[in-house]
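Can you build the whole structure from these sequences, using the hints too?
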Amino acid sequence: MPSVFVFTASKYVATLALMLAMMSAHIGQAQAQASAPASTPASAAETATEELQSVEVKAVRDPAIMPYKVAYELMSKVRAASKDKVQIQIRITSAKTHAPVPNLSIYLEGKNTRQQLEISATGFVNVPLDQAAYADGAEFVTNQKKGSMEVNILLLPKLPQDVFKYADISESIEAAQMAIKELVPWYFRVFMPAVNSIGICYAGQNQTVLVKGNEEQQLPANSDATDPLKNKVHCARFAAKDVAKEKGNLIMPATGWQAIYM
Numbered sequence: 062m063p064s065v066f067v068f069t070a071s072k073y074v075a076t077l078a079l080m081l082a083m084m085s086a087h088i089g090q091a092q093a094q095a096s097a098p099a100s101t102p103a104s105a106a107e108t109a110t111e112e113l114q115s116v117e118v119k120a121v122r123d124p125a126i127m128p129y130k131v132a133y134e135l136m137s138k139v140r141a142a143s144k145d146k147v148q149i150q151i152r153i154t155s156a157k158t159h160a161p162v163p164n165l166s167i168y169l170e171g172k173n174t175r176q177q178l179e180i181s182a183t184g185f186v187n188v189p190l191d192q193a194a195y196a197d198g199a200e201f202v203t204n205q206k207k208g209s210m211e212v213n214i215l216l217l218p219k220l221p222q223d224v225f226k227y228a229d230i231s232e233s234i235e236a237a238q239m240a241i242k243e244l245v246p247w248y249f250r251v252f253m254p255a256v257n258s259i260g261i262c263y264a265g266q267n268q269t270v271l272v273k274g275n276e277e278q279q280l281p282a283n284s285d286a287t288d289p290l291k292n293k294v295h296c297a298r299f300a301a302k303d304v305a306k307e308k309g310n311l312i313m314p315a316t317g318w319q320a321i322y323m
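Position 210 (the sequence shown) corresponds to 271 in our numbering; numbering is contiguous.
It should be emphasised that the hints constitute simulated quantities derived from the structure, not laboratory data. Check the hints yourself; a few may be wrong.
Unchecked claim - Below are the DSBU-like pairs computed for lysine-lysine, each with C-alpha atoms no more than 30 Å apart in a straight line: (1) K226 / K157; (2) K242 / K293; (3) K157 / K207; (4) K172 / K206.
Written out as structure tokens, the structure reads:
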């Protein structure tokens, strides 16, 4: 069954290639630590200090987690290899439930860097391409325990919002193929799904996608696939070999669509 094109990161990877090649693993994260107060405070000032220490939670960098350096270089290489026609998304979920982590917070922190990252309700993390943070050696720190989370790295087509051409589909497929070729060694690529089409997908059934070329036609969204949230979707499938023939054809999908590689 076709599905969204997903890379799953390993617990720790020394190179981008290995991170992309591993199909399942967990990212260890910074542990929360609390300092206990002294048993017998000597003064009111010391008591106040100890009370503050007892509730302070510190995020500790863990050398075993995926560094920001790896994420930065991965996103940069995908952008360069794909000529910015492929979007990369990072989703963090619970290693136990595979659902978004409640009350998760993630900071990018370095000697001169501290910024909180935006996290969507569905677990997608807005990881910035911040050259200053990269140069600062910034790392990810969180409020979760080590080994409690996993990360999925997804490649998705980057298409115009409302109306686009077969040429856009063709270029996005070629861009994804180039990105994979750049990032993943050939001996790992044989274990990965091929990217040879794009699906314009809907959550509901009985949807169609309007295509205008020499004639107008409604293509049925009757190919089942899985979206980035692992939900079943129904897609009109556009294969590379087909869109290459009529690159000027217009695609005008109804609202509510999403694009995935198939």
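Hint by hint, which ones does this structure get wrong, listed from lowest number up?
Hint check: 1 fails alone, others pass.
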